[in-house]
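Visitor: Sequence:
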Amino acid sequence: MDISQGPGSVLRHPGYLNFAASRVFSSLSFQSIGIAMGWMIYDRTHSAFALGLVGLCQFLPMAVLTFVVGHVADRFDRRRIGLVCQVIEAVTALVLAIATWQQWLTPAGILAAVTVLGAVVAFERPTMAALLPNIVPASMLQKAVATSTSLMQTAMIIGPSLGGLLYGLHLVAPFAISALLFAVASFNVISIRMQWSPAKREPVTLASVFAGVSFIRSRPVMLGTISLDLFAVLLGGATALLPMFASDILHAGPRGLGFLRAAPAVGALAMSIVLARRPLSSNVGRKMLAAVAVFGVATIVFSLSTNIALSVVALLVIGASDTVSVVVRSSLVQLLTPDEMRGRVSAVNSLFIGTSNQLGEFESGMMAAALGPVATGIVGGLGTIVVVLLWMRLFPDLSKVKTLQG
1 MDISQGPGSV LRHPGYLNFA ASRVFSSLSF QSIGIAMGWM IYDRTHSAFA LGLVGLCQFL
61 PMAVLTFVVG HVADRFDRRR IGLVCQVIEA VTALVLAIAT WQQWLTPAGI LAAVTVLGAV
121 VAFERPTMAA LLPNIVPASM LQKAVATSTS LMQTAMIIGP SLGGLLYGLH LVAPFAISAL
181 LFAVASFNVI SIRMQWSPAK REPVTLASVF AGVSFIRSRP VMLGTISLDL FAVLLGGATA
241 LLPMFASDIL HAGPRGLGFL RAAPAVGALA MSIVLARRPL SSNVGRKMLA AVAVFGVATI
301 VFSLSTNIAL SVVALLVIGA SDTVSVVVRS SLVQLLTPDE MRGRVSAVNS LFIGTSNQLG
361 EFESGMMAAA LGPVATGIVG GLGTIVVVLL WMRLFPDLSK VKTLQG
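Just so you know, the sequence shown maps onto residues 1 to 406 in the numbering used here.
Some clues are possibly wrong.
Label-pair distances were calculated between CB atoms; the ranges are [as the list claims (entries may be wrong)]: (1) 112 to 46: 16 to 24 Å; (2) 335 to 64: 26 to 34 Å; (3) 396 to 98: 56 to 64 Å; (4) 274 to 402: 18 to 26 Å; (5) 193 to 399: 52 to 60 Å; (6) 290 to 11: 23 to 31 Å.
Listed next, the in silico SDA-like pairs over lysine to any residue satisfying Cα-Cα at most 25 Å (straight line) [unchecked claim]: (7) 402 to 308; (8) 402 to 137; (9) 287 to 221; (10) 402 to 194; (11) 402 to 231; (12) 400 to 227; (13) 400 to 221; (14) 402 to 385.
None of these hints come from the bench; they were simulated from the model.
Heads up, the beta-carbon is just placed ideally off N, CA and C, and yes, glycines get one too.
Just need the whole structure built from these sequences, with the hints factored in.
Guide: Structural data, given as structure tokens:
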């Protein structure tokens, strides 16, 4: 198959369309239901602490279940794991719809639902990531990752808007529609045609459970790639302060905040479409390092900007540069990992990503309380650039990675 025909050639590959549809419908549902639960719990408590608990309830299950998730994904049919996850998500959404309709739903009930969804997503995301190389050949993997990223970014743009629109129509609507979309996702995941059957799985031992960590530590390129993303996002998390910038720096109001929030996702979507059509074909290690450095520079520009148009452009660049790193990291992790290890390695990778996002927001918030948002953004952007320079010395093999073709 000619992979130069654009992302359409990937979507025509047997099984990939079902895979992409499952991920998109699941993401749309999760984003929609997440917005509805956030609004509902704040409307009922008027507590920022309660909103913080929503994020905590999503993150803790992933942190606790990471090593269990990886082993499960490496021992059982990943399509069936995805099916079970999405059926549980559909049932949870349906229960929320009924509880809202009957006015049974309390803040504690919302947090319980968030915890259930967080635990299920902890299984679903690394399992689906590990499933992709079983669907397309290694030569198409970069294009498949880029196409999937573009579709997921689209879902992340549409999902919150859909949730807000449905919530405005009727309190039950976002939960009921999400239940339906999760059901559609589950139908697609079980319909995926795999290119080959998974290899025989090793027995469960303490060493095998933690084999994902050992495997990553023994591969400098993989460790460097994953840890680079961890520290870059951890330090360059100024986007977590968007409400402060919109209100106090840019004086843009709620509409301006909407533009600022959408900009990184739009930039990411645009770059993922470019990478799906024109995959990175040479010096991908250097290009990834350069993209992370650009991420740091754009963070500094955004932090210094007092013009809404310049701030939006900087955020577009932040989203686009981050997508280059995401596609390279995801492709390298999948290509360098044997199939029997992909679940455990993907689970550890997901934990790194979740940790960087959550701790990055916490770090930015704490630093902004002491230094203000502008200084926080500048320090974070400079820190990201320093990490890139440091990683070039600590992981010299990163710069030597030439291609992502298997």
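Visitor: All hints, please: hold or fail.
Guide: Results for each hint:
no., hint, in the structure
1, 112 to 46: 16 to 24 Å, "holds, 20 Å"
2, 335 to 64: 26 to 34 Å, "holds, 29 Å"
3, 396 to 98: 56 to 64 Å, "holds, 57 Å"
4, 274 to 402: 18 to 26 Å, "holds, 20 Å"
5, 193 to 399: 52 to 60 Å, "violated, 38 Å"
6, 290 to 11: 23 to 31 Å, "holds, 29 Å"
7, 402 to 308, "violated, 38 Å"
8, 402 to 137, "holds, 19 Å"
9, 287 to 221, "holds, 14 Å"
10, 402 to 194, "violated, 28 Å"
11, 402 to 231, "holds, 23 Å"
12, 400 to 227, "holds, 17 Å"
13, 400 to 221, "holds, 9 Å"
14, 402 to 385, "holds, 22 Å"
Against the hints set out earlier in the document, violations occur for numbers 5, 7, 10.
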